[in-house]
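Student: Below, each chain spelled out in residue letters.
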Amino acid sequence: MPLFDKKDKSRYNAFSRRSLMMGGGMTAVFAILAGRLYQLQVRDGAQYLTEAEDNRISERVVAPPRGRIIDRFGVELANNRRNYRVMVVAEQANQGVAQALDTIGKIILLTDQQKKKVLHDIAVNKKFMPIPVAENLTWDEFSRVNLHLPYLPGVQPDVGETRAYPFGNEMVHVLGYVAAVSPEDKTVDDDDLLSLPGYRIGKRGIEKAFDKQVRGQAGASRVEVNAYGRIIRELGSEAGVPGQDVWLTIDHEVQSFSDKRLGDESAACVVMDVQNGDVIAFSSTPGFDPNLFNIGLNGEQWRGLTQDDHKPLLNKVMGGIYPPGSTFKTAVALAAIEAGIATPEYHVHCSGVFMFGGHPFQCWRHQGHGTLDVVGGLKNSCDVFFYETARRVGIDKIEEAARKLGLGAVTGIELPGEHNGLVPSRAWKQKTYKSVWQQGDTVSVGIGQGYVTVTPLQLAQQAARLASGKMVSPRLVHMVGGRLQPRRVAEKLDFSDNALAKVRDGMDKVMNEAGGSAYSWRITEPGFEMAGKTGTAQVRVYTKEEHEHGMLKNEHLDWKLRDHALFIGFAPVQNPKYAIVCIIEHGATPAHPHVQMARDIMHFTQKRDPSNMRDAYPVNAASAAPSVSAALTRGG
Amino acid sequence: MIARPYAAAKRTLGFSDKLLEVNWGLILLISLCACAGFAMLYSVAGGALRPWALPQIIKFVVGFVVLLAVAVVDVRVWMSLAYPAYAVSMLLLVAVDVAGHVGLGAQRWIMLGPLELQPSELMKVSLVLALSRFLHGKSVEDVSRPSQLAIALAMIGIPAIFVVLQPNLGTTLIILADGCSLLFLAGLSWWWIAPTAGAIAGAVPLVWRFVLHDYQKARVETFLDPESDALGKGWNITQAKIAIGSGGVTGKGFLQGTQSRLNFLPEKQTDFIWTSICEEFGFAGALAVLILFGLIIFYGVQTAMSARSQFGRLLAMGITLNFFFYIMINGAMVMGLIPVVGIPMPLLSYGGSAMLTVMFGFGLLMSVHIHRQVEIPRHSGGII
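Line by line, the protein sequences give chains U and L. Our numbering puts the first residue of the first sequence at 1, with every later residue one more than the last. Our numbering puts the first residue of the second sequence at 637, with every later residue one more than the last.
Here chain U stands alone, though its shape is the one from the complex (with noise of 0.2 Å):
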C-alpha cells in the first residue's frame, strides 16, 4: 500500500485548508485581545488609573487638639487632658467581637450597655476603624489592659485628647460642654471630623457657639490602603490647625465667690462692667459638671438633671423669664420724667391701695406710703405711686423707656439659646389676644407685672446702663485665637441726665438712706456703696380670699408657689464700675437673701476690682495662640 495514496491526499489538502482557517481564527482572536488591551489602556487608561488611585489612597482624618477656654487673667477653664483608652478593631479580632469584649470585660470594667453601644458602632463602621471600647480609663486601669495585651487580638490601647472642665459645674452655663456627634449635627455640619469615632462637638454655652473656632482645622493623613482598608504606609500629611483659644471676660475669682454665694439656690447672678459691658461673673445655679456629658451620662444621671425641681439645665441667666417686678419701676420712672409728667412737683398720694376701675390695687406696704416724689417713689419702691405714674405716662411711653433699656430682645450675648423676654405694647396685646389694650393692663405692668418678663441677663445690661448712661450689651468673649472681638460702641442712652440722676439718686436712696427698702442689706464700707432696686415677682394668681382677708405669706406657701426674689444695683454710686443682677427663683423672704448675695459678690468685686487689674489678658496676642509665624519671629 503506498503511503500517500488519494484518500490521504485530500486529508492533507483539508486538513492544509482548514489549519489556515484557524490560523486565521486565532489571528482575529489575537487582534480582539490587543484591541481590547489598547481599549482599556490606552483609549480608558487615564479613567482607571484615577480609579487605581481612588482604590489605593485613602484620606483619614487627624483631629487637632480643642482650643482652650480661658478667663481674663488666663485661667484655663476648659482645656484637654489625657485620655486613656481601649480601642478595638473589628478585622484583627480574630476571636470575634464579643469575644474580645468579654476579656477586656474581666481587665476592667464594662457594662452591658457599653458591650452593646461597641458591637453597634463596630456594624455601622468599616471593620478597620478603631472603635472606643471604654475611654477616660485610670492609668491603673489602662496599665492593666496594656499587661493582658499579649492575649488581647484586635484590642488597641490608645491615649487620645479629651475636653476637661477643671471647675466642674461652676461655669457649665457659659462654657456649655461637649458630647458625641448626633446624626443631626451631621446633617448641618460636612467637617470630616465629625464623622471620627468619638469625636466630640460643642453642644451649649461657647463650646457650641464657638465650636467652629475651637474645632480647629482637620489634619489630614494620605495613607495607602490595601483592598480591606487596613493602612500599608503614610503617604503624607497635613498637620492641620490647632483649635483657636477663646478668652472670656469672665474673672475665674468672681464667677467662682459668685456661684458658691448663689449655694444650693435655684438662681442667677450676672456681674458687669458698665463701662464695656464685659460679663466678669455669669452664675446660674444649680449647675451640673460639664464633664459628665463628655464621658456619657447614665439614665439616672440624666432623669436626675431633666427633674429636678432647681432647673440645673436650664440657663437662668439668659434662658430664664420673670417678671422684673419693682426693678422695672426704673423704667417707669424714666418715661415720667422724660414725658414730662414727674416734674420735681409731681406728688402721689399713697394710701395702701389704689382703685383703679373698681378694683383695688395694693401697694406692698398696706398702711400706705403717704405723699412721695420720684425718688421717694423708687426709695420706698411704692406700688401706688407708680400705679398711677404708670397711667398717667401711658403703656407707649413705658414700652419705649423699656426697650431704650434693652429689655424685650436679646442682648446679642455671644451665647446660644438666649430668650429674648417681652415688654407688651397695644400692638402686642392686639395682636396676641385680639383685644384692646386696657389702663389696668398699664398699672400692673407700672410695677412690673402683668406681661412684662425679663431675663436676668437683660436686667444687668438695663443696671448697667443706667449706672453708666451708655447703651452697653454684655460682652463674654474677649479674644478668639489671639484676635481682639470687636466691641460695639456704646453711644449715649437716650434719656436726659436729669431724668438718669433721678433714677439714680432713688437707686441709691433704696439702699444707701435710711428707709430705703434695701437699706439693711447696704454695703457699708465707704467708697464701695451699691445703689440697686429690688424687685418681687409674682409666680400665682393671688385668690379671692387672699384679696380680702390679706396675702398668704411666702413661707407659707410651696417653694413652687414662692415669689421670685430680684435685685438689680450698681457700685460704686458715684462713678459706678460694675452691675450686678441677683435672682433667686422663689426666694422672696423678709430677709432679702438675694440683696444679701447681691451685697456680698459686688463688694468682692469691687475690692478685686478684675476691670482694673494689670494683668488681664495677654500683652500680645502671639503668646496667647503660639502660631508658626510668632515661633519664627522669636527664632529669627
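Careful, some of the hints might be misleading.
To list a few chain U residues with every Cβ distance to chain L over 10 Å, as calculated [what the hints assert, rightly or not]:
1. 47
2. 242
3. 439
In silico DMTMM-like pairs for lysine to aspartate or glutamate, Cα to Cα no more than 25 Å straight-line [said to hold, decoys possible]:
4. U:577 with U:497
5. L:888 with U:234
6. U:9 with L:778
7. L:888 with U:497
8. U:9 with L:1011
9. U:9 with L:903
10. L:888 with U:44
11. U:126 with L:903
12. L:888 with U:53
13. L:888 with U:54
14. U:127 with L:903
If you're looking for bench data, these hints aren't it; they were derived computationally from the structure. No residue lacks a Cβ here, since even glycine has one placed at the ideal position from N, Cα and C.
Chain U is already provided as a structure; the job is to place chain L on it using the hints.
Tutor: Same frame as chain U, now just chain L:
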C-alpha cells in the same frame, strides 16, 4: 519510487541529532514567557521570591526537563501510548470524584504522594493524543461517517461530562474546543458542522436554565453588568479592569502595581496574573507578551503543517490549539470580554499541574517537529 534520502536518514536519528533538531527558537520563546511569569509572581508577592516565584521556577525547570525528554521520544512511541494515557487520565478523573480533594468548592485535585495532580489538566493532553491517534487512520469520508463520529464524540464527551461535574466549566470548555477542533481539522463535513453550530446556539437558553450552577450563572450575570455589584460578585472583573486600564501605555513599572500588591485583585498569582503584567508593564508590555504567545502559536502551526504524518499534524495542531484556548479564555475573561471562568494563563500563572501539562504538551509538539519527516502508515498503531 520517489527518492527521499533525507527522510530515510531521519528515520534513524540519534540522540544528539535529535537535540540539534530541537527548535531552540521555540524553547527561547517559551522561556521568555515563563520568565515574564516569574517576574510577575515575584512582584505580586510584594517583591519576594516566596511564596510563588521560586516554586514556579523549580516547576518550570522540572517542566523543561520533561519537555526535552518528551521531545526526543519518537512520535510513534507517543502514538502507541495515546490510548493508555487516555485511559489512565480517565481513571484519575473518576478518582477525583471519589477521593478528590475539595478546593474552592470544586473537586479538582488528587494527591499522588507530594504531587498535587489535576486529572482534568492531564486529560486535555491525553485527549489530544488519543483523538489524534483515532483520527490518524480516518479519511475525510470516514470522519463524517456516523459510526466513526460517534466514537470520536464519545471520546470527547465522556471526559467532558466528568470535568463539568467537578464542576469545572473552564476546563470543560477547553476539552470540548480541543476535541471539536481536531474533528474539524480531520475534515469533518460541513453538513455536520453547520447544523450543530445552529443547534448549540439554540440550546444556550436551555443550558442557562437547567444546567449551569448558581455560581456559574452569577459569574455570567456579573460579567454582563459588573458595576451592578461592584463590591460583591462584580468585584473581580471591576478590579481586574481597573488594574489593566491603570497600567496605561507604559505601565506603572516593575513592583509598582498597586492593585495587585494591595490585594484589590483576587487570585492575583493564578488566574489574574495577566492583569498584573498589564498594570506594571502597560500596553507595551502586555502587547509584547501577546506577541510572544503569537509566535509560539505560529511555530506550532508551522510544525503541524510541516509534519508528514496525519497523527503528527493533528497532535501538533491540537497542542497548539489547546495552548491558544488557554490564552483566549483567560485573556478574554480578565479583560472583561467573557464571564469569569477558572482558567489560568499558560506559562504565566502560578500552578504546578498546569505548568507540567503545558510543558508536556510542548514536548509533544517538539517531538512532532523533530520527527516531522517520519511517515506513519494509515493503519499503524505506533511502534510499541
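Student: Indicate, hint by hint, whether the structure satisfies it.
Tutor: Against the structure, the hints come out as follows:
no., hint, in the structure
1, 47, "violated, 7 Å"
2, 242, "holds, 33 Å"
3, 439, "holds, 76 Å"
4, U:577 with U:497, "holds, 18 Å"
5, L:888 with U:234, "holds, 20 Å"
6, U:9 with L:778, "holds, 14 Å"
7, L:888 with U:497, "violated, 83 Å"
8, U:9 with L:1011, "holds, 14 Å"
9, U:9 with L:903, "violated, 48 Å"
10, L:888 with U:44, "holds, 15 Å"
11, U:126 with L:903, "holds, 23 Å"
12, L:888 with U:53, "holds, 12 Å"
13, L:888 with U:54, "holds, 15 Å"
14, U:127 with L:903, "holds, 22 Å"
Against the hints set out earlier in the document, violations occur for numbers 1, 7 and 9.
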